[in-house]
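Visitor: All chains should be built: construct the whole structure from the sequences, respecting the hints.
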Amino acid sequence: MSGSAVLWVALAIFAQESVWNFYDAQVPAQLRHFVSSATVIGLIMGLDTGLGVVIQPWMGLISDRLARRRTGRWPIVIAGACVAAVPFALIPWATTLPMLILCVFAFGVTANSFKGVTETLVSDYVDPQQRGKAQGFIKAGVSLTIIVSALISLLVVDHSLKAAFAIPPILMIVMVALSYRFLGRRHAAVVRHEDSADEQADPFSSPWAVLKDLIREPSRARLLLMAGIFCFAGMWAALRSLTTPYGTEVLGMSRGAAGGIALPGAIAFLLCVVPLAYLSHRLGELRMIRYGIALFVAGLLVGFAEPTPTFTALSVAIASIGYAVFSVNGLVALWSLAPNNHVLGAYTGLYTVASASGMALGPALLGATVDLTGWRYMLLNAAIFGAVTFAVFTLVARRAPRTASAAS
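420 is the number of the first residue of the sequence shown in the working numbering; add one for each residue after it.
Hints in this document: simulated from the structure, not taken from any laboratory.
Distance condition first, Cα-Cα at most 20 Å in a straight line; then the derived EDC-like pairs of lysine to aspartate or glutamate:
| no. | residue 1 | residue 2 |
| --- | --- | --- |
| 1 | K581 | D443 |
| 2 | K558 | D546 |
| 3 | K558 | D443 |
Distance windows between CB atoms, simulated:
| no. | residue 1 | residue 2 | range |
| --- | --- | --- | --- |
| 4 | A783 | P494 | 30 to 40 Å |
| 5 | A628 | R817 | 22 to 32 Å |
| 6 | R484 | L597 | 17 to 27 Å |
| 7 | K631 | A724 | 45 to 55 Å |
| 8 | R600 | F730 | 48 to 58 Å |
| 9 | P517 | R817 | 48 to 58 Å |
Each residue gets a CB set at the ideal place from its N, CA and C atoms; glycine is no exception.
Guide: Written out as structure tokens, the structure reads:
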């Protein structure tokens, strides 16, 4: 694994995720100046997710067409970063709700156009056997973007909101440019070293063709993997969304203290993600994902068995380590099952479709079970959903081609 290649790809992904984190942290507060309804604010904030589901598979396929050219996927990444920076920086300048929504929509369209493409750069510069380890370092770096967003909010927002919204896009453009400066010149050599057997004509002309192949594939392994990604991403989003009200309703904690339950989980994720990536390299992605789901379920059962603040924080930390395993291996496992290397960008977009759909519906599904059983059983309900996810990934491991699951 080329350490420098991983570093520069991680820097580009870190740059774009810093913008997204600051967007999620500060745009709701900006909307509050014009909208009082939390439901409407939530719908507007969910706009970028809906746009990503539509845009990213298409842009991924377009980037796959460019991947074998001299400049690779970089034109999409660079142009997207430069264009997306403009509506993002204009958000605090919007003086009416239509202007603000226009900025939010323009940012959602342009930022989603290169988000998945940047993540696919890993597949261009890192050998297939090393991509899991590379993802470990990248996910560790991405987890630090929360700190960067928090520091900008803490140190700049109260002094100058316009400057605060200008800093993340400027950092994004600078970091993406540096990444291209050091990686873009390598791309021609990367293409030359591709296996000549992979030079066959690409039968996939649109995302619909990719999706049709996904559905018609005899073993249904890829389709099952998409379902597993949907389930696990959904349960993780549900756990993150409902942990704070669980703390206030069941544990008797204040809102602030309940919100802090997630902190040990964030620390555990950061500390464990790289070692887990190396362990996944030895044991195989699908096997490690199943181990991660089992750990996720075990953590939830710990919290259910002993509903105290200490054990709930421990429960979330254990579940976070289980999710870290999936975070490192989910996309890599989907790449491994792709029909060829010409559609990795499109498959990154499909991963976004599955995970974003799960994150959108997961909290609602778990919330519905809470309405039926009460808050006390929330962690048990989530563990049951986790067990279903484990069964799905077990089927994936059994049906996956031997070349993709030999270590699983």
